[in-house]
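Take these sequences, add in the hints, and give me the full structure.
For the protein sequence lines, the chains are H and L, in the order given. Going by the working numbering, the first sequence opens with residue 1, and the numbers climb by one from there. Going by the working numbering, the second sequence opens with residue 1, and the numbers climb by one from there.
Capping the alpha-carbon separation at 20 Å, the derived lysine to aspartate or glutamate pairs in DMTMM-like fashion look like this:
#1 K135(H) / D179(L)
#2 K135(L) / D153(L)
#3 K135(H) / D64(H)
#4 K45(L) / E14(L)
#5 K45(L) / E56(L)
#6 K45(H) / E18(H)
#7 K135(H) / D153(H)
#8 K135(L) / D179(H)
#9 K135(H) / D177(L)
#10 K135(L) / D177(H)
#11 K135(H) / E146(H)
#12 K45(H) / D57(H)
Residues on chain L that point at chain H, a partial pick, calculated with CB under 8 Å:
#13 R26
#14 D116
#15 G117
#16 F161
#17 N172
#18 A188
#19 S195
Please keep in mind that the hints were generated in silico from the structure rather than gathered at the bench. Virtual Cβ for every residue (Gly too), placed ideally from N, Cα, C.
Here is what each chain is made of, one letter per residue.
2 protein chains.
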Amino acid sequence: MNLTATAKGAATREMIVERAYGIASRYGLEGLSIGELAAAAGMSKSGVFAHFGSREDLQLSVLDWTAERYAATVMGPALRQPRGLPRLRAIMTSWFEWVRANPDGCVILGAAAEYDGRPGAVRDRVVGWLLEWRKAVIRAVSLCVETGELAADTDPDLVAFQLFALIDGLHNTRLYDPDNAHALACRALDHLFSSLSA
Amino acid sequence: MNLTATAKGAATREMIVERAYGIASRYGLEGLSIGELAAAAGMSKSGVFAHFGSREDLQLSVLDWTAERYAATVMGPALRQPRGLPRLRAIMTSWFEWVRANPDGCVILGAAAEYDGRPGAVRDRVVGWLLEWRKAVIRAVSLCVETGELAADTDPDLVAFQLFALIDGLHNTRLYDPDNAHALACRALDHLFSSLSA
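And the structure:
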């Protein structure tokens, strides 16, 4: 395969994953049908399978693609903020925006609910990404203790749980109170930070 | 149909819903296949359909059955506690136990993630139950303000968001940190209550 063909193949693969993301946002990763995806991508089913060996391979690619976008839009910009509370706040507000920008649900958070009872490679990948995100949050919380912005006896594991809970809460509350969910999450974040301040 | 036949029909229907709940806990309400359910219930597919007009009818019945069990095991006992913080704490600790007792995920919370991108009767029913639960929590929080146990400027809507977030957080954190999720949720609850105390 020459370089141009490789680049074309990569672009097609990317396009398929993006379409698959759109379907998985609405119907979940388990609801991702290759037939529907092929139609959305304007391809044949075998054309889709030429790029992904199996449905599971495609599901894993959608998870990784989601995590890359999350890194680029949430963690990346936040990590350019000064260490301490500015960075931790930036992670959370960008993450709230991420939830808002995915009105049918974040594929990874959706998969967390979808795969809790389904052992296997997809579940393992979801767990892997969530643990990665948690590690980044724990690190950001620890830096707030180092800068003296959060109290010295702060437990970063507990705060990471509390912050993730706000994301999960926003994600779910949006279903039954879409008009107020975002504002409630922002107020809950402010409340949490004041209760933790040094 | 005579009375005995009616009672037998109701018992069979109940048994089918219970089996369906087990399947939906693991695979989601969308993953509920009538074939698999019939096999689990030791019936034919048409036997299942004799009790439920459609798959959607069955899905709605599973949601209502879940909500009845939730009422009986979480809200019911909690409402027998004295109004104020004892009652609110009882709601939350029983709810944490409910999450623990459903290791493959609460069907209603799972459906919240599953149906956020799927409009229709199932989504509407999920929203209906979640709003019902939220109303009960808001009422319990308001009583804590009346008893003077929570600060007079407490916003019950915000506290309900914060409490639901802890449930959602426990539900999701259990996936990637099953050994610590419950203890973290209990500590986060204590932290929240102290930050709100009058």
